[in-house]
Each structure stands twice: as C-alpha cells, then as structure tokens.
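Following the hints, complete the assembly by docking chain B onto the known chain A.
Listed in order, the protein sequences are those of chains A and B.
The first sequence begins at 1 in the numbering used here and counts up one residue at a time.
The second sequence begins at 1 in the numbering used here and counts up one residue at a time.
Hints may contain errors.
Only pairs whose alpha carbons sit at most 30 Å apart, straight line, appear in this in silico BS3-like list of lysine-lysine [stated by the list, open to error]: (1) A/LYS115 to B/LYS57; (2) A/LYS214 to A/LYS21; (3) B/LYS190 to A/LYS138; (4) B/LYS57 to B/LYS39.
I should point out that these hints are in silico values taken from the structure, not numbers from a laboratory.
Just so it is clear, the structure is predicted and the values come from calculations on it, not from any experiment.
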Amino acid sequence: MEAKLQTTGLNLRYGQFHALKDVNIAVPPRSITAIIGPSGCGKSTLLRCFNRMNDLIESVRIDGQIKLDDVDIYSRDMNLNQLRRRVGMVFQRPNPFPLSVFDNVAYGRRVHGMKDSSGIGQAVRNALEATRLWDDLKDRLSMPALELTPEQQQRLCISRLVAVEPEVLLMDEPCSALDPIATGHIEELMAGLAENYTIVIVTHNMQQAARVSKQTAFMLLGDLVEFGPTNRIFTSPADKRTEDYVTGRYG
Amino acid sequence: MKRDKLIGILLMIVAFSAMLGLGLIAVFIFLEGLPIIGKVGVWDFVFSAQWYPAEGKFGILSMIVGSLFVTAGAILIGLVFGLGCAIVLTQFCPRKLVSVIKPSIELLAGIPSVVYGFMGVLILVPVIRDYLGGPGLSVLASSIVLGIMVLPTVTSISVDALQAVPRSFYEGSIAIGATRWQTTWMVMLKGARSGIVAAFILGMGRAVGETMAVIMVAGNTISMPGSILDPVRTLTSNIALEMSYSAGDHRKALFATGVVLFIIIMILNTIALWVSRKRVWKGPRR
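For reference, chain A alone in the conformation it holds in the complex:
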C-alpha cells in the first residue's frame, strides 16, 4: 500500500535550533495517524511540513524530501495553493474568519474558483452536513461565525476544509480548546471522516491517540523514535523511551 504522505531524511532547523532530526515517516491513506510526544518534541513542526506552513517562518531551513502521493511537495510539479487545498489543516484554537457561517464554508471554494453545477449553496450544505452542523445552522447561515460556540467553531473550520474536497486533514491538537463532551463529539466526527480522508492528528493526550488512531508515531526532541500500530505502541513498544512516555514516567 502506497503511503499518502511520506518524508525521507527530513531535517528542519529554525536558525540554529535543530527541530526535526532525520525524520522518516510513511503515513498510510484513509486512516487516522497520531503523533504523540512531550512538549517541544517537534510534533506540530512535523505536521506543518506536510502543507508547507513552515515556509511562513523566515528563519526555517528544510532538508530532505516530503512527498504527497509520491510527488515532492517542493517540486515544480506541485502547485502550492493546490497542495494546501488537498492537504487541509485544523488548528488548535478554532479560527473561523470574521465572516458569516455561509461565507466561511464557501471561502475555500471561492478562493480556488471551484465551480458548482448545482450552485455553491449545495456545496456549503454538503460540507455542513459532513460535520453535523447543517441541522443546527441551516436557518442561521448568515450569522457571524465568531458567535458560534467553540465546538461549533471547530466543526465549522472542518467544514471549511471539507468544502474544498481535500485528501488529507492535518489536525494540530484540535480538541485542546474544547471541553470533554465537545472533544468526544469531534473524535466521533474524525472516525467518520477517516473513511474518506487521510487524517494526521497531533495530540498531547495519549488516551485520545489510543482512542482514535490506527497508527501512532512517538517523537522526542526532534527524533521520530517509533512508529507503528497504535495497539503495539501502547501495549508493547519496542523502544524504551516510548515505553517510558506512554507509561507516564515523564510527560
């Protein structure tokens, strides 16, 4: 089975700081992969490599290869804006735009000039149905998105991505700003989405990783220490460092 996302010899530096050290990872398609590890280990940095969001940082230097479907994402064959349409990102704090609910969901389609035979309204509806927001919001599509509850805002951000028909969803601690009940709802949502999308989730919450993901990567201080089926990582990890982390010897 070909990897959806792959890195080979990935090294990333912020100025002098060596944030990612020779990371080699192959993320399989249509399932949920979790990346866990203590603060500062490079999880979010790795995640942001996949949609080239680290390019926004001036001092960053990247060596090695990152591939989407076997195409180098830094090559001329890969259009940056298309890459970011295909590889969407959900952030730690929900970030709906200062626009109406409708305009938020329609945003991506408008930006990419995606035409609809049945009108943009249908695309927005489909996206909101995918995140179970349609019933709640169908009569309030013109309300400011910033007035939604945090859980609704995060769902809206996911809708926004779904609307542009991505292939990969990168989630950077998507539930850390949400209460446990909301978190449960979002995890349910992710399970449903995994049937159609490749999902990579960075999480501080080991239990969450164990709940939702099929494979887990453990990172420590910029190294990808271990990567394998979630079950194995949590019950019989190969590396002692992994074992120490998942048994809570350090956080």
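Leaving out everything else, chain B in the frame of chain A:
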C-alpha cells in the same frame, strides 16, 4: 498616605481645568454664534449661498460645499494611497521594514501645514494651471494637499488596525490555499474594518479642520465650485480670512460658522468612536 491623596486631588484639578478650558471655548463659540443663526434663521444660514456681510446676508452654503468637495477629494487620495500603503506595509513587507517605515510616515505629520501650502503654491498650482486648466488655485489643489497631509494619520491608524487582526485569520486562509492578496481582500480587511473606518473618519476630521494649507491653494472665492478646477472657499478659510476685519453681526456670523464646524467634527468623531467599538465579539451563543 496623605501625600498620595494630595497628589490625587491635584491631578484631578489639573484634569478638570483642561476639560473646563475646552468646555469654556465650546460655550463661548456657541454663545457668540447661536444668536446670529437664530436671527438669520437656520435654513437661510446653512442653505443659502449668499454671503454678503456688508448687506447682512450670511449664507454659508458655498463654503459648506467647498469644505465637502475638498474633504471628499482628500479622503479619496487617503483611501488609495494611505490604505494602499498600510496594506502593502502590513501584508507584504517584512516586519523589520515596517518598524522603520511607519515612524517615518508618522514624522510627516509633524510638518507644519504652512509648508504643505507653500509646496502646493509653488509646485502643484502651476502644474494644474498649465496642464489641466483653470486658475490652478482649485478644489483639486486643495484635495491633493489635504490628502497628503491626512496620509500619515490614515496610514498609521490603518497599519495599527491591520496589525491587530489576529494572525490566526491569516494562517487559516493561507492554510486553505489562498494567496496573500486573496487573504488580504477577503479576510484581513474585513477583520480590520472598524479600525480602518475610524482611521478615515479621523482623517476626515483633520481635513475638515485644516486651514492654513487650504487658504494658500484654494483660491478662496465665495462661489459654488462647478468643477474640481474651480477655486473654492472652505468653512475654515472663511473664518481665518475674515475674522481680523469683521465686526458686529459679521463677526458673530463667523462664530456661527465655527459652531457649524464644531458640530460637523463632533459628529465625525462620534461616528469614529462608535464604529471602532462596534466590533466587540459578543461571545458565543449558548
């Protein structure tokens, strides 16, 4: 401590005397100006273009129109150059460059208005006269000079408004594949809207109140301007030009012009305050 209390009281007195001073000025202007408005009639004062002090006719319409045209022109220039500059600075320039350029623009605000007027008379007016027609001293010249004078205010406040937009909007838009221009037009400007509107209204207030530079390039004839190449007289110029030799009702009428100006600027500032407060996030609906 007793000394704390004393200093507190002292500061209160100082603050109140400042406010008192302002209040007294306002009261004085209204006391001098309102009776003449009453005498001439509000309608005749504001809507008549007949300003003949010698015959007791005090209609300030041509001056109101003059101020309006000139300010509108200045705002247009402010919009294109000021907002444009702010957008380029915040969305497309590295932060280090911004921290050098922004203070330089703000320095421009320190140039005395008479210098702007001087440059206007020396350079702008002949160019307009030679290449566009008319006497050169015109609505166009005044708008350009005022537009440039208002630029530092508009740019500076717009830059602040744009920089205050949460970076999360920017990141979210870029992450979905939008270009920087798309992000600017579709998200960042919306997020900064209230600050930018406030910048414009404050700029407008400055433009409406500017006197020296305008007197030097406007022509100052009391007539309704038919085109941007016609000379014009603004409300402020009227007061400055005629105050020294006015007497009696004429002088009171000039105070009344001041009343109208006062009201206009108060309205503009109130709108600016209201608009910049409007965008308070009301919190999530439960």
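Do the hints match the structure? See the list:
no. : hint                 : result
1   : A/LYS115 to B/LYS57  : violated, 65 Å
2   : A/LYS214 to A/LYS21  : holds, 24 Å
3   : B/LYS190 to A/LYS138 : holds, 24 Å
4   : B/LYS57 to B/LYS39   : holds, 11 Å
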